[in-house]
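Q: Listed below are the residues making up each chain.
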Amino acid sequence: AQSVAQPEDQVNVAEGNPLTVKCTYSVSGNPYLFWYVQYPNRGLQFLLKYITGDNLVKGSYGFEAEFNKSQTSFHLKKPSALVSDSALYFCAVSPYMEYGNKLVFGAGTILRVKS
Amino acid sequence: NAGVTQTPKFRVLKTGQSMTLLCAQDMNHEYMYWYRQDPGMGLRLIHYSVGEGTTAKGEVPDGYNVSRLKKQNFLLGLESAAPSQTSVYFCASSTLPQGNLRTEAFFGQGTRLTVV
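Here the protein sequences line up with chains A and B, keeping their order. Here the first sequence stands for residues 1 to 115, numbered as in our numbering. Here the second sequence stands for residues 1001 to 1116, numbered as in our numbering.
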């Protein structure tokens, strides 16, 4: 069965410092991987996805993610954090052979950026 | 551009009552989904639909029913609400995959449901 693990419930970083939010996955076949962000009392917003090709994926708001097949990881990164990046971040996987574009989510990681 | 709209945004139910959550999307998407979000558990798929007139069970379908009579609407029903169904419910939609390329989902703003 496919699964996603986000090992950190919360990540704290100072404004201007680089940030990393970790994600590992378990899935049969090739993975389709996604990152979403949720601001308080809002729905989820798409940040970026890995489908195929370059292992470094660039997305919205200056975020990027690195796909590592051998470590089954898809960590979210940003070179310089902003206070406005504070939110709940979800990693998700869409299994390769499954019909319907369904997503399996991790539990989420709260990112707090302090000024 | 409204995207995905959920109605209502908040609701309090008594145990045993029924209700229907409505999701509407204006992006002509084929696929629609209902997820529930619980603390520490991320989002879990309840039911989904791959086209008008079709529905299928997700990871946690018990206690819920769905219908997709029109392409733009996806209804989630609770026939007899239980406290365990207290959650935040999200509707989402997505286009057909572009060849082998998966497309991202667009989410509504959520419905906060409390069952007392």
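What the hints contain is simulated information worked out from the structure, not anything from laboratory work. Note that CB positions come from ideal geometry on N, CA and C, so glycine has one too. You may find that some hints are simply not true.
In silico negatives: residues of chain B with every beta carbon more than 10 Å from chain A [unchecked claim]:
| # | residue |
| --- | --- |
| 1 | A1002 |
| 2 | L1022 |
| 3 | P1061 |
| 4 | Q1072 |
| 5 | T1103 |
| 6 | V1115 |
Beta-carbon label-pair distances, calculated as ranges [what the hints assert, rightly or not]:
| # | chain 1 | residue 1 | chain 2 | residue 2 | range |
| --- | --- | --- | --- | --- | --- |
| 7 | B | D1038 | A | S28 | 43 to 51 Å |
| 8 | A | E8 | B | D1038 | 14 to 22 Å |
| 9 | A | G53 | B | F1010 | 23 to 31 Å |
| 10 | A | P40 | B | T1007 | 36 to 44 Å |
| 11 | A | N55 | B | L1022 | 38 to 46 Å |
| 12 | B | M1019 | A | S70 | 45 to 53 Å |
| 13 | B | D1026 | A | Y96 | 27 to 35 Å |
Q: The structure should be examined with respect to each hint, and the outcome stated for every one.
A: Cross-check of the supplied hints:
| no. | hint | in the structure |
| --- | --- | --- |
| 1 | A1002 | 12 Å, holds |
| 2 | L1022 | 15 Å, holds |
| 3 | P1061 | 13 Å, holds |
| 4 | Q1072 | 17 Å, holds |
| 5 | T1103 | 7 Å, violated |
| 6 | V1115 | 20 Å, holds |
| 7 | B:D1038 x A:S28: 43 to 51 Å | 26 Å, violated |
| 8 | A:E8 x B:D1038: 14 to 22 Å | 19 Å, holds |
| 9 | A:G53 x B:F1010: 23 to 31 Å | 42 Å, violated |
| 10 | A:P40 x B:T1007: 36 to 44 Å | 21 Å, violated |
| 11 | A:N55 x B:L1022: 38 to 46 Å | 41 Å, holds |
| 12 | B:M1019 x A:S70: 45 to 53 Å | 48 Å, holds |
| 13 | B:D1026 x A:Y96: 27 to 35 Å | 30 Å, holds |
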